[in-house]
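Enquirer: One-letter residues, chain by chain:
There are 4 protein chains.
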Amino acid sequence: MQEKEIVMSEPTPKYWQTSVSQITPEHVYVRGYDLEDLIGIPFGAATYLLIKGELPTPQQAKVVDALLTGVLDYGLEKAGTVAARAVVSSNPNVQAGLATAILAAGEHSLAPENAARFIATQYAAFEASELELEEFAAQVVAQARADRLRIPGFGHPVFRGEDPRGQKLKHIAVSEGLWNGPAVLYEAIHQEFVKNPKVAHFPINDVGVIAAISTALGFTPEESTALAVIGTLPGIAAHVTEELRSGHLVRQIPAGDVDYSGEQRDYREDAAARGWSDPGTLS
Amino acid sequence: MQEKEIVMSEPTPKYWQTSVSQITPEHVYVRGYDLEDLIGIPFGAATYLLIKGELPTPQQAKVVDALLTGVLDYGLEKAGTVAARAVVSSNPNVQAGLATAILAAGEHSLAPENAARFIATQYAAFEASELELEEFAAQVVAQARADRLRIPGFGHPVFRGEDPRGQKLKHIAVSEGLWNGPAVLYEAIHQEFVKNPKVAHFPINDVGVIAAISTALGFTPEESTALAVIGTLPGIAAHVTEELRSGHLVRQIPAGDVDYSGEQRDYREDAAARGWSDPGTLS
Amino acid sequence: MQEKEIVMSEPTPKYWQTSVSQITPEHVYVRGYDLEDLIGIPFGAATYLLIKGELPTPQQAKVVDALLTGVLDYGLEKAGTVAARAVVSSNPNVQAGLATAILAAGEHSLAPENAARFIATQYAAFEASELELEEFAAQVVAQARADRLRIPGFGHPVFRGEDPRGQKLKHIAVSEGLWNGPAVLYEAIHQEFVKNPKVAHFPINDVGVIAAISTALGFTPEESTALAVIGTLPGIAAHVTEELRSGHLVRQIPAGDVDYSGEQRDYREDAAARGWSDPGTLS
Amino acid sequence: MQEKEIVMSEPTPKYWQTSVSQITPEHVYVRGYDLEDLIGIPFGAATYLLIKGELPTPQQAKVVDALLTGVLDYGLEKAGTVAARAVVSSNPNVQAGLATAILAAGEHSLAPENAARFIATQYAAFEASELELEEFAAQVVAQARADRLRIPGFGHPVFRGEDPRGQKLKHIAVSEGLWNGPAVLYEAIHQEFVKNPKVAHFPINDVGVIAAISTALGFTPEESTALAVIGTLPGIAAHVTEELRSGHLVRQIPAGDVDYSGEQRDYREDAAARGWSDPGTLS
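Residue numbers (the numbering used here), protein chains in the order written: chain B, 1 to 283; chain L, 1001 to 1283; chain H, 2001 to 2283; chain S, 3001 to 3283.
The following block holds chain B by itself, in its conformation from the complex (with noise of 0.2 Å):
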């Protein structure tokens, strides 16, 4: 009898492959652990643990917690709020409206994707470079000034010198000992910045600490918008049933806030002006 040659194969790759969860039929593992488990362990550490693959420490778990309660809620000054409870008036619907909601957020708000981009960027750079941190830190703001580029995350319309609630979020982040590397970058090149005159009163904003503290956390832009909008929705819930429960139909513009700047024309004549045969029925 031949002698069979046993050829293991390369397993042709599957079209998916994922880390994050795994069925079996009696247990469903997240991230390697019996979901079992993981009923009931804090939200911000299910939350660290989700995205990130590992189990956060205590201090990280503790940050994450800040992070996702930085924002909680604007309200109505909030176009997600609005649009989202326009949207359920309409089509009662809790996810609808959640879901509404989250596609608001985005380049004009609630975005620390580019403030977070710009900071693992340079962080990067830094790492690279062989300068002083407040060397490199000069440059950054030397070349945005020459490039006249804005630099995300500085600035509020209302805080002067400092803005209280980053102050309060990087408070946390320095009690874990979590505010490093990359938040310290951004932390020198603020400095750098305000040492002109015309902007020595712009403090770093709320999003930009929650770029900051994010990155130092080792989230990716993307994960940190994640990030910000999980953190909104508890509001986004609050304002959506409120609106289910207000009992109010179809919310609407009143009529006495808009301007309409067009005029009414004559329908068949202009048709017959554009060449249409029989102008009643474009046809």
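Think of the hints as simulated: they come from the structure by calculation, not from any bench. Do not take every clue at face value.
[As the list claims (entries may be wrong)] Cut-off 27 Å, straight-line C-alpha distance, at most; resulting in silico cross-link-like pairs (DSS-like, lysine-lysine):
#1 B:K198 <-> B:K168
#2 S:K3052 <-> S:K3198
#3 B:K168 <-> H:K2052
#4 H:K2168 <-> B:K52
#5 B:K195 <-> B:K170
#6 S:K3052 <-> L:K1168
#7 B:K52 <-> B:K198
#8 B:K168 <-> B:K52
#9 S:K3052 <-> H:K2014
#10 H:K2195 <-> H:K2168
#11 B:K195 <-> B:K168
#12 L:K1170 <-> L:K1052
#13 S:K3168 <-> L:K1052
#14 H:K2052 <-> H:K2014
#15 L:K1014 <-> B:K14
[Said to hold, decoys possible] According to the in silico footprint, chain S covers these stretches of chain L (three or more CB under 8 Å from chain S):
#16 1103-1111
#17 1132-1143
#18 1226-1232
Ideal Cβ positions, reconstructed from N, Cα and C, are used throughout, including at glycine.
Chains L, H and S: place on chain B using the hints.
Expert: What follows is chains L, H and S alone, placed relative to chain B:
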């Protein structure tokens, strides 16, 4: 050479089945037709083909155009428009705005679904019955009154007797010979309904007529909703791109339009009263 | 000079009312507390505060963490995960992915809403009745059998007798003294239900237990759904960012997994048969 | 009686401005025309009117129909279709499915936006220059090569030399006299581009032609995207309603198609190692 027995096993059904489209390396077949042949046909006809699986007649295509243009735009008086503009004012992305407006379609606006379901259900019952049209209609109205149920699609906040938009839609369906079966039954139900002097002025409103026509064309209630939603998208696109051009960032509700009904409270005191050993950090 | 009579008119109610949050130039009040005080509190406690309007006790906060971590992630076996990864593989935007996953929560998955509504409704009926618990439960089960209605939250495809995740959740609620009223009634209904030998092995499943606990905590069915959705978001964020890192563009269903059930057809022939004078362009 | 001086103060601009539509109690004006006149016009013409603010000529309306039907459906090979079907298999709601498909349109598929932005920018630069068409085109291609930038809309995975769908679209625009300015420039850039033997077989693909035609018609890049998205909705509606009819609940990735790359771990051990005093509950 041994004869090979060919056994055709029953093919295992695959996880996905579709009759909508098929892709080969060089061709896309849509409902069985080469996409190249379809490029350039009127959109109303394409919509009928995609959803129903058959090419429409010219009459059917014309009535689909009527359904698609029956709503078009109610501007800032529609919750979906408000929500969509709020979303793109913060997240300047056309797709997010269009998706938001669609999420606002539902029970309280732009939903021919309920009226279409009512019409389809009654029509099936009528076909299964041995009753004359008027007799059946009288029964439906009597039953609705006994059950204190609102018949969807009757009545309008402004129009009495006739809704001119509904009339225009019906006129098109009648002209094209497509005001039949379910639509005729719905009209008979309406005629019976308005015999009651208290509601004698209730017209069939535009949403009711859209539901009647789409059911008469053979669309399901879900397909009716899809048609209504598609019909609003050019208007939403117009509002969303207008908002992006406006340069207005982060729409909000002006503070003067909001009643805040809560009151300021003392955090530490309340946390202590709730039993937290460290009220400052809730731990 | 005529004396002017001062008449304080009842203030006109404003178009929007809220008790969620209030903004002043220097402070954001969330449910009456200064946001600065709230930054850093555990997210579970913040969630309770935002949605219910009151600070939780330590026991309530712990149970909210259990509710939020009760689902966490079922990975690629959940439709929402599949949909979210497909979306970001084409539109690489974290927000779009998170919103998509939320839209997938509904009637057929991740919806404690139906079970919570059942429990809340039965509990209100029980309170209004003069019946003993067992007596009431027996009535509910008999009625459901007579009406051939499924009681939501009973039964599991794998677990017989007990669902270990449900058990863990209940254990936490019991330990914290919060397995009360509605939860106890739901359990009594279950005990009555399993007297029927055919369903004697049906456990209360995890969604049922989540519904029972959230109702016992005083959350409405809509708020229950919001909690369940929020709890899945760290997992979705993990999947979405994993997908973005994978570099896989435009997920699709592999052709081998699709049965195409239509057939190729002749466009010009069919268009002519449908009555178009110019079949080539449908005009 | 004292003469009253009439002072017309400059009207305060209102918070919202729009020229899309105007509502009066009895009429809806859309782009200045009474909605009653518009009901029943071809949807392509309505789309042009809503987005551009002017009635199209018959030629423009025909080309809009070509743009709207240029994509129609790529079925289960499009990420948006997969996502939309997954969503409604769990949340059986047409609107959620349509919104999801729209969220899947983006950088990696169905986005004429980048190509349209390239064409519009180059055309503006060409108009501001004093160069001949070929000269300008040569400069653009040389610059792109020097910068190693990909020109959007060139090349196709299957078609060499010509993309038949792109050809059909161009043919319609040429026939209607609307293949002008920006489209002609884009074609000249393509002709220059394919002089390089390595890419001599690259056609202008369908998305490139859609971008060229929509820019030639005067649509902005954002409006181009809106048109492309609207054009896919009948196909999405067909897939979503097909999915709902299929009775398949909760689509998932079959376990056999997933590589799980993590490994099972010991929760208590890891939690203790991370410094938690009570590893069982992370506290």
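Enquirer: Compare the distance between the alpha carbons of S:K3052 and L:K1168 with 27 Å, and conclude whether the hinted pair is satisfied.
Expert: Since the Cα atoms of S:K3052 and L:K1168 sit roughly 25 Å apart, the hinted pair holds (cutoff 27 Å).
Enquirer: Between the segment 1226-1232 of chain L and chain S, see if three or more residues pass the 8 Å beta-carbon test, and mark the coverage as holds or violated.
Expert: Three-residue rule met by the segment 1226-1232 of chain L, so holds; n is 5.
Enquirer: Hint check: B:K195 vs B:K170, CA-CA at most 27 Å. Holds or violated?
Expert: holds, 21 Å
Enquirer: For L:K1170 and L:K1052, compute the direct alpha-carbon distance and say whether it is at most 27 Å.
Expert: The hint holds at about 21 Å.
Enquirer: In terms of beta carbon proximity below 8 Å, does the segment 1103-1111 of chain L have 3 or more residues touching chain S?
Expert: holds (count 3)
Enquirer: Holds or violated: H:K2195 with H:K2168, Cα cutoff 27 Å?
Expert: holds, 24 Å
Enquirer: Sort out whether L:K1052 lies within 27 Å of S:K3168, counting only the CA atoms.
Expert: holds, 25 Å
Enquirer: Against the 27 Å threshold, does the CA-CA distance of H:K2168 and B:K52 hold or violate the hint?
Expert: holds, 25 Å
Enquirer: Would the hint linking S:K3052 and H:K2014 be met if the CA-CA limit is 27 Å?
Expert: violated, 36 Å
Enquirer: Straight-line Cα separation of B:K198 and B:K168 no greater than 27 Å?
Expert: holds, 26 Å
Enquirer: Can the restraint linking B:K52 and B:K198 be considered satisfied, given a maximum Cα separation of 27 Å?
Expert: violated, 40 Å
Enquirer: So if I understand the rule, the pair passes when the alpha-carbon distance is 27 Å or less; does B:K195 with B:K168 pass?
Expert: Holds, at about 24 Å.
Violated hints, listed in ascending order, are 2, 7, 9 and 17; each of the other numbered hints is respected by the structure.
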